[in-house]
Amino acid sequence: MHLHRFFKAHWKVLAVAAKVLFSLAALAVIWQRIAWPQLWDTLLRADPMLVAIALFLLPLNLMLEALKWHIAVRRFDPQFTFQHAVESMMLGIAAGAATPFRAGDYAAKMIYLRSLSKWRTMGLVFFAGQLLMLATTFFGLIALSVFFRLQSRTMLAAMSLIVLFIFFALLFMLFKRLPQFARFESSPQAWLRKLSRLHTLSNYTSRDWRGLLGTAAARYVVFTLQYTLLMLAASGAAALSFWQAATAASATLFVKSLVPLFIGDLGIRELTSAYFLSGFGAEAVVAVGASLLIFVINTLLPAAIGLVYFFKLRLPSAATRANENMQANENMRADENMRALAPQPPFRKR
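Per the numbering used here, the sequence shown starts with residue 1479, numbered consecutively.
Keep in mind that the hints are not guaranteed to be accurate.
Straight line, CA to CA, 35 Å or less: simulated DSBU-like cross-link-like pairs of lysine-lysine [said to hold, decoys possible]:
# : residue 1 : residue 2
1 : Lys1596   : Lys1654
2 : Lys1672   : Lys1734
3 : Lys1734   : Lys1654
4 : Lys1672   : Lys1596
Simulated restraints on C-beta separations [unchecked claim]:
# : residue 1 : residue 2 : range
5 : Phe1534   : Arg1655   : 40 to 46 Å
6 : Pro1556   : Glu1663   : 20 to 26 Å
7 : Ser1630   : Thr1683   : 44 to 50 Å
Since the hints were derived computationally from the structure, they do not count as laboratory data.
Values in this document were obtained by computation on a predicted structure and should not be read as measured data.
C-beta atoms are modelled at their ideal positions from N, C-alpha and C, and glycine is treated no differently.
Take the sequences, apply the hints, and build the full model.
Quick look at the structure:
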């Protein structure tokens, strides 16, 4: 009982500690598997043309994410424009990169969705993320099946396809019954009341679903293409084909998506990509180099751009305060001038 209370009271601290320990363990494994001078040499020798193409794909990646977010929100807030989607997304990337469990992403998007409740906004952010998870699961399980088939592990390849079929069959059945979840709103059990919120997804039209799933799939393809190009750029003279790199990239993203959020992803992508690339004869340093490049391009750079929106968001309030102070000073001077021009009462002699 006391242990349960302890975990309940300190779960955030324990989660952060577990995340740090897990990341340190992953980095320790990577440290033993690569030589850091070799990593530096790999980054310097990376094909600049492939790195440039991956960099030029970043705006398309971000625009697809903003479009997905806009489609997800506009059904509940018709005043939410595409510009609002871009600004809230960029601000969320910057805030999420600087806060534990990406809590800043939720807070940043709440600023632009003040007409919606806090729980509705959090639900939309979570839902938009799960759309990308669907694409990651679909393509990732296919990539796992291809990888295991190339490694002559027929049983694992077949199991990957079976899991793919079962997962999306259950998801399709759930989707067909979304309106029925509304009856759980008054249930005495808390988990059923939370489950009842799924019925709000039935508000989306068929056109909305096509847009949501289409943009999620397109963004996944763009991101995977970036990762694939960076793997090829870091591989150098290694005999790594495009489809081998794409298979490793898709499988890596899928395995990484299975890791709980509280554990984090520092070191996970490097370890998993090293495993899959080693199956194609590439060294671990190629995986680490590509992961560092994709981290800089798709995380650090958008976060830096998002800071511009943060200061843009803050500057109006500072300007407003300055205007208010200026107006107050002008009003004070006007009052003084009026008092000076006002007729004085006659001097009364004693």
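These are the hints, each one checked on the structure:
With a C-alpha separation of about 27 Å, the suggested pair Lys1596 and Lys1654 falls inside the 35 Å cut-off, and the hint holds. Restraint check for Lys1672 and Lys1734: the C-alpha separation of about 27 Å stays at or below 35 Å, so the hint holds. Distance restraint check for Lys1734 and Lys1654: the Cα-Cα separation of roughly 29 Å lies within the 35 Å cut-off, and the hinted pair is therefore satisfied. Pair hint Lys1672 plus Lys1596 holds up; C-alpha atoms about 15 Å apart against a cutoff of 35 Å.
Between Phe1534 and Arg1655 the Cβ separation comes to about 43 Å, which falls inside the hinted range of 40 to 46 Å. At roughly 24 Å, the beta-carbon separation of Pro1556 and Glu1663 lies within the given 20 to 26 Å, and the hint holds. Checked against the hint of 44 to 50 Å, the pair Ser1630 and Thr1683 passes, with Cβ atoms roughly 46 Å apart.
This entry satisfies every hint, going by the numbered hints stated previously.
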